[in-house]
Amino acid sequence: MLRFIVRRLLQAIPTLFILSLLVFAWFRALPGGPASAMLGERATPQRIAELNEQMGLNDPIPLQYVNFLGRMLTGDFGTSTITGDSVLTEIGRHFPATIELAFAALFLAVAFGIPFGYLAARYRGSLFDTGIVVSTLVGVAVPVFFLGFLLKYVFSTQLSLLPPSGRQDVDIDATSVTGFATLDGLLTGEFDATINALQHLALPAIALATIPFAVIVRITRASVLDVLNEDFVRTAESKGLTAQVVRTRHVLRNALLPVATTIGLQTGLLLAGAVLTEKVFVWRGLGFLLAQGIEQRDYPRLQALILLAAVVYVVVNLLVDISYAIIDPRVRVS
Amino acid sequence: MLQHRATRLKKAALIGLASALALSVAACASERGQGGEGQVRGGTLTFGSAGDPKMFDATFATDGETFRPVRQMFDTLITYKQGSADLAPALATKWEPVDDGKGWKFTLREGVKFHDGTDFNADAVCFNFDRWYNMKGAAAQSQMIYYADVFGGFKNNTSEDFGEPLYAGCEKDGDYTVTIKLKRPSGAFPAAFGLTSLSIGSPTAMKKYNADEVKQSGEAFTYSEYATEHPTGTGPFKLESYDKSNGTVTMVRNEDYWGEKAYLDKLIFKTIPEEQARKDELRAGTIDGYDLPSPADYETLEKEGHQVMVRPVFNILYLGINQKNNPKLRDLKVREALEMAINKEQLAKTRLPKGAIPRDQFVPKDLPGYTEDVVKREYNPDEAKKVLNGLKVKFHIPTEVTRPYMPDPKTIAKSIISDLKAVGVEVQEVSKPWNGGYLDDVNVNGVHDLHLLGWTGDYGDAGNFIGTFFGRKKAEFGFTNDKIFDALAKADREPDPDKRGELYEQAAVEISKYVPAIPLTSSPPAIVVSKDVQGLVPSPLTDERFVTVSKKQSD
Amino acid sequence: MQVLLDRKKRRIDKLAAAGEGGTSLAKDALKRMMRNPVAVVGLVIVALFVLLAAFAPWLTPKDPYKPYPELLENLTVTHIPGSMPGFVLGSDADGFDFFSRLLIASQQTLIVAVLATLFGLLLGLIIGGLAGALGGWVDSVLMRLVDVLLSLPALILAVSIAALFARSNQWTVIIAVGMVSVPVFARLLRGAMLAQRESDHVLAATALGVKRSTIVFRHMLPNALGPVIVQATLTLATAILEAASLSYLGLGDQDTFRAEWGLMLAQAQRVFEVKPSLAFFPAGAIIIVALGFTLLGESMREALDPKNRR
Numbered sequence: 001m002l003r004f005i006v007r008r009l010l011q012a013i014p015t016l017f018i019l020s021l022l023v024f025a026w027f028r029a030l031p032g033g034p035a036s037a038m039l040g041e042r043a044t045p046q047r048i049a050e051l052n053e054q055m056g057l058n059d060p061i062p063l064q065y066v067n068f069l070g071r072m073l074t075g076d077f078g079t080s081t082i083t084g085d086s087v088l089t090e091i092g093r094h095f096p097a098t099i100e101l102a103f104a105a106l107f108l109a110v111a112f113g114i115p116f117g118y119l120a121a122r123y124r125g126s127l128f129d130t131g132i133v134v135s136t137l138v139g140v141a142v143p144v145f146f147l148g149f150l151l152k153y154v155f156s157t158q159l160s161l162l163p164p165s166g167r168q169d170v171d172i173d174a175t176s177v178t179g180f181a182t183l184d185g186l187l188t189g190e191f192d193a194t195i196n197a198l199q200h201l202a203l204p205a206i207a208l209a210t211i212p213f214a215v216i217v218r219i220t221r222a223s224v225l226d227v228l229n230e231d232f233v234r235t236a237e238s239k240g241l242t243a244q245v246v247r248t249r250h251v252l253r254n255a256l257l258p259v260a261t262t263i264g265l266q267t268g269l270l271l272a273g274a275v276l277t278e279k280v281f282v283w284r285g286l287g288f289l290l291a292q293g294i295e296q297r298d299y300p301r302l303q304a305l306i307l308l309a310a311v312v313y314v315v316v317n318l319l320v321d322i323s324y325a326i327i328d329p330r331v332r333v334s
Numbered sequence: 001m002l003q004h005r006a007t008r009l010k011k012a013a014l015i016g017l018a019s020a021l022a023l024s025v026a027a028c029a030s031e032r033g034q035g036g037e038g039q040v041r042g043g044t045l046t047f048g049s050a051g052d053p054k055m056f057d058a059t060f061a062t063d064g065e066t067f068r069p070v071r072q073m074f075d076t077l078i079t080y081k082q083g084s085a086d087l088a089p090a091l092a093t094k095w096e097p098v099d100d101g102k103g104w105k106f107t108l109r110e111g112v113k114f115h116d117g118t119d120f121n122a123d124a125v126c127f128n129f130d131r132w133y134n135m136k137g138a139a140a141q142s143q144m145i146y147y148a149d150v151f152g153g154f155k156n157n158t159s160e161d162f163g164e165p166l167y168a169g170c171e172k173d174g175d176y177t178v179t180i181k182l183k184r185p186s187g188a189f190p191a192a193f194g195l196t197s198l199s200i201g202s203p204t205a206m207k208k209y210n211a212d213e214v215k216q217s218g219e220a221f222t223y224s225e226y227a228t229e230h231p232t233g234t235g236p237f238k239l240e241s242y243d244k245s246n247g248t249v250t251m252v253r254n255e256d257y258w259g260e261k262a263y264l265d266k267l268i269f270k271t272i273p274e275e276q277a278r279k280d281e282l283r284a285g286t287i288d289g290y291d292l293p294s295p296a297d298y299e300t301l302e303k304e305g306h307q308v309m310v311r312p313v314f315n316i317l318y319l320g321i322n323q324k325n326n327p328k329l330r331d332l333k334v335r336e337a338l339e340m341a342i343n344k345e346q347l348a349k350t351r352l353p354k355g356a357i358p359r360d361q362f363v364p365k366d367l368p369g370y371t372e373d374v375v376k377r378e379y380n381p382d383e384a385k386k387v388l389n390g391l392k393v394k395f396h397i398p399t400e401v402t403r404p405y406m407p408d409p410k411t412i413a414k415s416i417i418s419d420l421k422a423v424g425v426e427v428q429e430v431s432k433p434w435n436g437g438y439l440d441d442v443n444v445n446g447v448h449d450l451h452l453l454g455w456t457g458d459y460g461d462a463g464n465f466i467g468t469f470f471g472r473k474k475a476e477f478g479f480t481n482d483k484i485f486d487a488l489a490k491a492d493r494e495p496d497p498d499k500r501g502e503l504y505e506q507a508a509v510e511i512s513k514y515v516p517a518i519p520l521t522s523s524p525p526a527i528v529v530s531k532d533v534q535g536l537v538p539s540p541l542t543d544e545r546f547v548t549v550s551k552k553q554s555d
Numbered sequence: 001m002q003v004l005l006d007r008k009k010r011r012i013d014k015l016a017a018a019g020e021g022g023t024s025l026a027k028d029a030l031k032r033m034m035r036n037p038v039a040v041v042g043l044v045i046v047a048l049f050v051l052l053a054a055f056a057p058w059l060t061p062k063d064p065y066k067p068y069p070e071l072l073e074n075l076t077v078t079h080i081p082g083s084m085p086g087f088v089l090g091s092d093a094d095g096f097d098f099f100s101r102l103l104i105a106s107q108q109t110l111i112v113a114v115l116a117t118l119f120g121l122l123l124g125l126i127i128g129g130l131a132g133a134l135g136g137w138v139d140s141v142l143m144r145l146v147d148v149l150l151s152l153p154a155l156i157l158a159v160s161i162a163a164l165f166a167r168s169n170q171w172t173v174i175i176a177v178g179m180v181s182v183p184v185f186a187r188l189l190r191g192a193m194l195a196q197r198e199s200d201h202v203l204a205a206t207a208l209g210v211k212r213s214t215i216v217f218r219h220m221l222p223n224a225l226g227p228v229i230v231q232a233t234l235t236l237a238t239a240i241l242e243a244a245s246l247s248y249l250g251l252g253d254q255d256t257f258r259a260e261w262g263l264m265l266a267q268a269q270r271v272f273e274v275k276p277s278l279a280f281f282p283a284g285a286i287i288i289v290a291l292g293f294t295l296l297g298e299s300m301r302e303a304l305d306p307k308n309r310r
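Residue numbers (this note's numbering), protein chains in the order written: chain A, 1 to 334; chain B, 1 to 555; chain C, 1 to 310.
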């Protein structure tokens, strides 16, 4: 087991190395060079020269890369031009919001995706199955930002059922402990704060959940269909096991393995996929930071967030692999 | 007012703030604020801002979202009457010029205390003025746009952009009389003493929290603890907290305020960067108001019972012409034809809020320097086509920005391009984010032929408009016309207000003959609050004070 | 090699392997596909869309690039004229004929999607082809690079490419959206070529001493065609959606007069309450077309899947 984990960790290193090279190249390729990109409207040739010197942009490229790597490893991503705070501070400040949203979306996607997928497979070819398959296809074809916009318009503007944006009403005056608005209320006993936070969470979570929901439904459906055709299920049936037992003991358990993988991988995607949803709902998480960074061309911030998105994805991938190896020992051997 | 380049650049990005002369348009608005009958004490008001404030030290503030909270916490020596640009006493009860305008003597209000308990007196005033003059470091000085604009420069200038400092010292006479001495008279005073950037802060707090510390890395500025956590003024509200993860600035009533105390217990500014979302939150009742609603929403919001308050017009939108790169644009006939090609009337009607007006000159009406004698060119596409057919131009358009004079640059540009195309002009568009290349292209590098820009006045002075635009050779317009330059410089030097106005009128006529840029429209920016909000007075300078505001308790 | 690759990669590899077996099997697949109603629906949508895009300039009742005085007359910031004689869907926010713009937009939408896909395909072909044909360290290095690009979420990759350009126009959108599919195509083509390296006819050709480049171009690439077409069809759907997302984030085509559904949708939200149809029509068009490409692509994939060759 340990050998597998070590091997997998070692495999991740070249990936991360190339990733850092790409981000470094990206930053160097910015229009007008990094210095003028960072100086923006105050760019005079003199200031650019000064900043080039200050940022070590006159050093040989390999040395620059080493310095860049050193900074990244120590968490020095530079200073955001929008807030004047260090980018690391900003990320620390806003990531709980994204985690909260991503997990809420994932929860919805899993809680509804697996049952729907399973039922669609069981009643394959039925009207229900067709309906599910079609609606997941349509769901993926709707631009996320428009879906979010519509949800907001219907449930907030028209029906006044849910708040339109933000994470919590300001007059709730909640105590912040962990930075997770929903958790903090439970920890401090301010249940109204939690309820308020959940109301705010509902619409963005639904909007963000559509794509993982569709993916999970389809994977569940497909793998349940696969398993239903497998020999051991047929054997179990022929041995006279009740349908109920076959279903829960054999079909679901075996079908869920690929689903579990998908869920893990969707988590990695959700963190980044939140950009559009967070912009629509003014949800002050990492996606919000990214969207704002794009608008105002805050390059230090963009650099850090792009790197972060990729690293998160690689790490989640790694964790999925490792946990999969724990569940299914066959993986380790190969 | 001749401004150096960096200043002009920066200020183009600002919502204006100060002015000197009476604007008659503001009269009706100010009546509303005086009353106070039926206003209830207590409650919390949440106002939606478009962006996060950078910090709370007025000295370094450069944008409207930073000025708004600062104005509630600080006072200036002189202020503006609510809803107008008339001067009114604030921390100084009386002021008068001394030594032929080479000094201003203030009688200070007694019994005023800063939020930290420090006494407000002549020493405190001198401390502030000395602090500004002695400010060290390029980073700090570069952020003091307004100070540098009014006072010319610092004791030790760190940049060629600054000139000779005007400040000659602060002299106190007892605890409550103080004279600010100047090297030479300047027309900017006394009005400029009301600039939010010249707010008076507590010397104790500034010393304790290293107020002068400003660091720069790249384009990013980092401020002191004083500016970020402990801004200490004399204003009606005190800072309670700034929650950066939720983007909320919370202020509480200053119970020891020297004037009429605020009605509200709490005032919260909540950042909601999306226009659409601000509107949604107002409707949901989670905020009580926001600034600059989209003109498309005025009617809907009013129908729903919200109060859309339209500010008096004090801005100008223009189509800039850069003569440097395109030789055709150096031809006066072509520039004149361009003006005739644009349907300003329709632009105002289809693209700008109700109350927007087409303009034939840059100086706002009611300001000395405005004149009916300017050369007027009516919309005449047929005439224009004769000259312009086949002309090729590069048109720079800003994106990701909303300004009081230009709610949606993209759609405004669309109208203008349609007009130009109709007379046979071939337009090459260059759209760039406002803060991501546009200002750079237009103001520094001058790589454009035509561009869209505007201005909100921060002085009730024609020089603040035409002097800023056309006072000297600039990358933005790329022309040299000594006739215009000299006329403007002469007006700027004239101390007598009446003569000054006349000289600016002459300059305005000169400008209209030359067409260095095309004045398009002026449009009133609005501020919207829910029906429960009382006592808010819209200001032509976008200088709204929440001290007079109250909120009806709904439960 | 670990059994478990991430899903993205596995999907691509599976599809790549499906190309094995050559063109005759592809014909079978086509026959199977045409019996599938889902595929037919997808095909009809796509065909209609392509026809519309091709003939849009002749179908528009009015000039889509010019405001009309009749529409401007009643246009204010708070009112956009609806349907009126001569203007089926009334005005857009700028006094243009909305219906004509909607029609002509199909063209630009298709152009952006197709060029972006071609860009991805071409670059992917070069990378994947080099890796597959040369093998060895070239293969290792290129595939690592491809894996890293695959590990970036699509939108983040598109955004970071788009942000590299000083200003956005249709080409930056095409490159940014196209870049997203580069690693997909690269992996696909390499996989398809590797799958055939061991196949009989390639082995035979090698034994006969045919030049390597000839083998690659005569035998390996043509057989990769099936998977490539499937992937390209699916990519067209995502390209349309990604271009729309870029528009929403302010990284879209900035040409003021360009009509493209994603752009129209992103812009229409500002005036949603004045005239909601300005958003609904382009949104509907995007959904239908993206659905069409997805249905077609997915059913082609299914048809190619060896499991279904029974």
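Bear in mind the hints are in silico, worked out from the structure with no lab data behind them. All values derive from a computational prediction rather than experimental measurement. Warning: the hint list may mix true and false statements.
[Said to hold, decoys possible] Partial list, computed: chain C residues near chain A (C-beta under 8 Å): (1) Lys-27; (2) Leu-30; (3) Pro-57; (4) Leu-152; (5) Thr-294.
Just so it is clear, CB atoms sit at the ideal spot from N, CA and C, and this is done for glycine as well.
Hint check:
Restraint check, Lys-27 of chain C versus chain A: the minimum CB separation of about 26 Å is more than 8 Å; hint violated. Proximity of Leu-30 of chain C to chain A is violated relative to the hint, the smallest CB-CB distance being about 21 Å (cut-off 8 Å). The interface hint given for Pro-57 of chain C is broken, as the beta carbon of that residue sits about 26 Å from the closest beta carbon of chain A, more than 8 Å. With a least beta-carbon distance of about 5 Å to chain A, the hint placing Leu-152 of chain C at the interface is held under the 8 Å criterion.
The interface hint given for Thr-294 of chain C holds, since its Cβ lies 6 Å from the closest Cβ of chain A, which is under the 8 Å cut-off.
Checked against the numbered hints listed earlier, the structure breaks hints 1, 2 and 3; every other hint is satisfied.
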